[in-house]
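With the hints as extra help, turn the sequences into a complete structure.
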Amino acid sequence: MTQYILKRLLLMVPTFLLITLLVFVMINLAPGTAGQAASASGSEQADQSAAAREGYRLFKEQYNLDLPIILNFRFLLDEDNVMRHLEVVARNLSGTIPGEREAFAVGRTAAGVVADIVNEPFHALARELADPDLDPDERAALQRRQQEVGFRTIDPRRPPRPAQGAIFDSEERLEDWGHAIVPELLAISRSYVWIYRDDVDSPWLDGVGILAETLGLDPSTRSGSVEWRGENWRVHTTLTDKVRFLAVQRLSVNARRRVLIRDGERGTEEQRAANRMIVSENNRISQWTWSLGDSPERQQEILAEWEGWWEEASIRYERTGLQTLGSVFLDTRFAAYWANLARLDFGTSIRYRRPVMQVIGEHWMYSVYLSVMSLLLAYFISVPIGILAAVKQNTFADRGVGIALFVLYSLPSFFVATLAQTYLTPASPLDADSFIGKVINFFAVFPVSGFNSVEAIEVTTWELLTNTLWHMVLPVICLTYMSLAVLSRYARTGLLDVIRSDYIRTARAKGLSEWVVIMKHAVRNGMIPILTLLGTTLPVLIGGSIVIEYIFVIEGMGSLMIGSIFFRDYNVIMGILLLSSILTLVGILLSDISYALVDPRISFD
Amino acid sequence: MATSSDKAYREYASYWAIVWEQFRKQRSSYWAMWLIFGLFALAIYAPVFSSSQPFVWRGSDGGLSFPWFSSLLFNRNVFENGVDLFFNLLLVLSPALLVSFLLIRTRARSMKVSDAARLHRQHLLFWNLIILAAFIGLMLTEPRTALPEYREFAAAGLESGFALFPPLRIHYEDTLHGVTGPGIVHVLGQDNAGRDIFVRLLYGTRVSLSIGVIAVSIYITIGIVLGSIAGYFGGRTDIVVVRLIEIFLCFPAFFLILTFIGFLDQPSIAWVMVIIGLIGWTGPARLVRGEFLRLRNIDFVAAARALGLSNTRIIFRHILPNAMGPVLVNATFGVASAVLIESTLSFLGFGDPTLPSWGRILAFGRSTSDTQMMLIAGFAIFVTVSAFNMAGEGIRDALDPKLRK
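Chains A and B supply the protein sequences, listed in that same order. The opening position of the first sequence corresponds to residue 1 in the working numbering, with each subsequent residue numbered one higher. The opening position of the second sequence corresponds to residue 1 in the working numbering, with each subsequent residue numbered one higher.
If you're looking for bench data, these hints aren't it; they were derived computationally from the structure. Be aware that a few hints might be false.
[Said to hold, decoys possible] Computed list of lysine-lysine pairs in DSS-like fashion (alpha-carbon distance at most 27 Å, straight line):
1) Lys392/A x Lys25/B
2) Lys402/B x Lys392/A
3) Lys510/A x Lys392/A
4) Lys510/A x Lys520/A
[Stated by the list, open to error] Derived CB-CB ranges, DEER-like:
5) Gly321/A x Arg305/B: 58 to 64 Å
6) Gln323/A x Val240/B: 34 to 40 Å
7) Arg84/A x Thr354/B: 40 to 46 Å
8) Leu330/A x Arg305/B: 51 to 57 Å
9) Phe566/A x Ala146/B: 37 to 43 Å
10) Thr468/A x Asn297/B: 56 to 62 Å
11) Leu469/A x Arg294/B: 49 to 55 Å
12) Phe300/B x Tyr595/A: 31 to 37 Å
13) Thr354/B x Ile315/A: 36 to 42 Å
14) Phe300/B x Arg8/A: 34 to 40 Å
15) Phe566/A x Asn297/B: 51 to 57 Å
16) Ile239/B x Met365/A: 35 to 41 Å
Heads up, the beta-carbon is just placed ideally off N, CA and C, and yes, glycines get one too.
Right, here's the structure in full:
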């Protein structure tokens, strides 16, 4: 027996792991980002309102939705990855900056200007070649050199504006990468320096000078910048400004630290102190941005702030090889999910802004009251009915009970509950003059809904108890009648199986009275199946009845489930689902064990 | 030409013939079966009783047209969703189906039992494919042509016009506030939005029956395939399937259904069918597995194996027909519970909002304190559910050799 229980317990482990795995898959397969609809914003407005955007980010952070699902390779990200996504977002920025407007005002495109800069060596050679008194050999050498240098064409069109989906995707990605790209963002935001007339010592000094003269502009205007990168010229037009702007903006979000105390938690004194520090640092960081078109001086100031911050913070971003390896496996949704489960932490409810366990804790008692009452009632009624039907098998009574139970079984519970709520409450619409109306109205005294209607705090326990019981009459009846049919049937067949057996005939032959034969000999064995059913009702106890609780407005688990579905409060849904599946597992185990305990004929060896 | 050996074949009663005889002896279940057939007939022929389109219409220009017929399949302005289209398709094809069935039955009379069975099987497959192909074709196209308001023309009493309407000139989505013309009768009155309650109930039959039948077919199919594989092959396959069943059993079914529904932006009836279908398969899978475990070591299977038949053939042609009894019982009860689940979902507000589901009608009656509407809708659900439950009990008793009379 002990061996059997141990075996069953061990078998429960893989089943439970598979269940949790299934739930994990379900969360991550849920179409649309979980809670997107419910988190203060909608997905449409998410990129419009900054506050909504921030709410959405916090939401994702809290639910680990910003982490990769199975494996985390974010340590491999480099400047180019970040750059690519920043550029996609930057192209979408509509604000023009002053330099850009002026450059285009003269009738030249940015591409044309850049082409001039880039092709300056070619043009210089061409100017030399234009001299009519040139030596033929020299001319040939110059032409060769000109060919080597080559003429580069720059596409005059602006790069196409990325699709809305791509922009949203890039923003989302940059946001989700979070801390992993802070060093890269910092590098990008400080790497592009302006080319001023005095400090340009690059080979393009002349080019920029010529540009300025041609356009009649001050080259210090932010019309563009040019940078030497390895063997290639990388040309940064006004896009660069926007990229840097975005990089700093992103930095001020991504560099924020996770708060230690979540919504609805209290935490210890030390935790609160640390939390305050983090919050104040986050607040400071969030100020360090500039807006498009701010002066270079202001930008330098802010960059200096960042440099100062980095000196302190860089230590947090240094990782040993082992830590990096660990983050690949542990810094994922999968790992976070298991870690949370191990602590019985199902996350935070979006709807209540409190931990799911706390929310469930507030609701489950109502369901338990309801279910226990209904279950007791069902057993008290169905066992005698089953016994009666079995003893009087194939008589009028048996058939009558059978038909009545059949009808009850086929009646939808929401229909019965609605009817009861309509006709058995004081607002019954029945005509009080007719006979049927008089009879039914006599019973129309029950409260419409709610668990109890005790408003005052100072009521006696007795008043509270009677009030609650009075409110529970209709819900319990509606919850009971359906299980009544099932249980009575079990009781009847269980007893019928036993009544036919030999030992009952022996008991009768001994001359025992029929009452003793049935009640003492038959019922004890005949009720084994119905007794073992008790174990499997464990999840029902907690889960409650969705429909009944919905109709009678009882804030139990069923109502919680429905509300969570309407709110897309996935954490609560998954919490309830996991909890009830665990209870089912335990319930099945209990019913098997009780079966073995009650019936010594059953052995599991 | 019937010889004496043919006659011997005819007199041999197959297993299912015996079951049928037993089933017929149980009067209540037998009548429940006819009630189910009646409900299906109501669902299929609902447009014959009520439609906003006239059967025949002659406008002022003198040309005859048949708007009712074209509205069934070829104009999405009247019937938009798949459920209606499917039943309309059955309505259009039903005369051909009937004729073909009668012809086949006459032919099968003079055949051996096994040949007749094969003929029936092929016949069934043929029609299934036709209906499926036609339905897919209908769903892929979306013809729409503007419709004149025949009802208003007729109500205005155009002298040159002529119209022959169905008994009720109402479509289930029509909101007729105060519109009363000749022939517009609201048998059970109107709801708050001005829609006719009787017509909505009538078309609600389509929703309930299609949910019941299709969801159950989905899970019976999954259950049969997984259960037979597990039971036939045993070993590791069996362990995997049994584990899967155990996992699914651990989730309370209605919670799981609600969870999946919660993932959907707009729950359509097709999704509800699929979700119930994906969750209910454990019952038939366990039954089929049990039957296979019992049957796979019996001599006739050993004989089939000795003949060198393939596993597929042994599973589907030799063992499965013998294991179908409990599955049939499970399916019949399953339809009842699927109807119940669907109406509960629509009662809670998770159903397809474009369809006249009974649960929705009940919820609407509840929210508008229309007790008559509540009672009628609840009664419709009750009748359907109990008809299927009753038929299921009849089949169960008919299959039980201990209860044979």
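Hint check:
In summary, the hint linking Lys392/A to Lys25/B is supported, as the alpha carbons are separated by about 23 Å, within the 27 Å threshold. Between Lys402/B and Lys392/A the CA atoms are separated by roughly 20 Å; this keeps the pair inside 27 Å, and the hint holds. Distance restraint check for Lys510/A and Lys392/A: the Cα-Cα separation of roughly 22 Å lies within the 27 Å cut-off, and the hinted pair is therefore satisfied. The straight-line distance between the Cα atoms of Lys510/A and Lys520/A is roughly 14 Å, inside the 27 Å bound, and the hint therefore holds.
As the Cβ distance of Gly321/A to Arg305/B is approximately 59 Å, the hint placing it in 58 to 64 Å holds. Range check, Gln323/A to Val240/B: Cβ separation about 38 Å, and the 34 to 40 Å hint holds. The hint said 40 to 46 Å for the Cβ distance between Arg84/A and Thr354/B, and at roughly 44 Å that hint holds. Leu330/A and Arg305/B have their C-beta atoms about 52 Å apart, which keeps the hinted 51 to 57 Å range intact.
At roughly 38 Å, the beta carbons of Phe566/A and Ala146/B sit within the given window of 37 to 43 Å. The hinted range of 56 to 62 Å is satisfied by Thr468/A and Asn297/B, whose Cβ atoms lie roughly 58 Å apart. The hinted window of 49 to 55 Å between Leu469/A and Arg294/B holds, with their beta carbons roughly 50 Å apart. A hinted range of 31 to 37 Å for the beta carbons of Phe300/B and Tyr595/A is consistent with their spacing of about 35 Å.
At roughly 60 Å, the beta carbons of Thr354/B and Ile315/A sit outside the given window of 36 to 42 Å. Between Phe300/B and Arg8/A, the C-beta spacing of about 36 Å keeps the proposed range 34 to 40 Å intact. Phe566/A and Asn297/B have their C-beta atoms about 52 Å apart, which keeps the hinted 51 to 57 Å range intact. Distance hint check: the CB atoms of Ile239/B and Met365/A are about 40 Å apart, consistent with the given range 35 to 41 Å.
Against the hints set out earlier in the document, a violation occurs for number 13 only.
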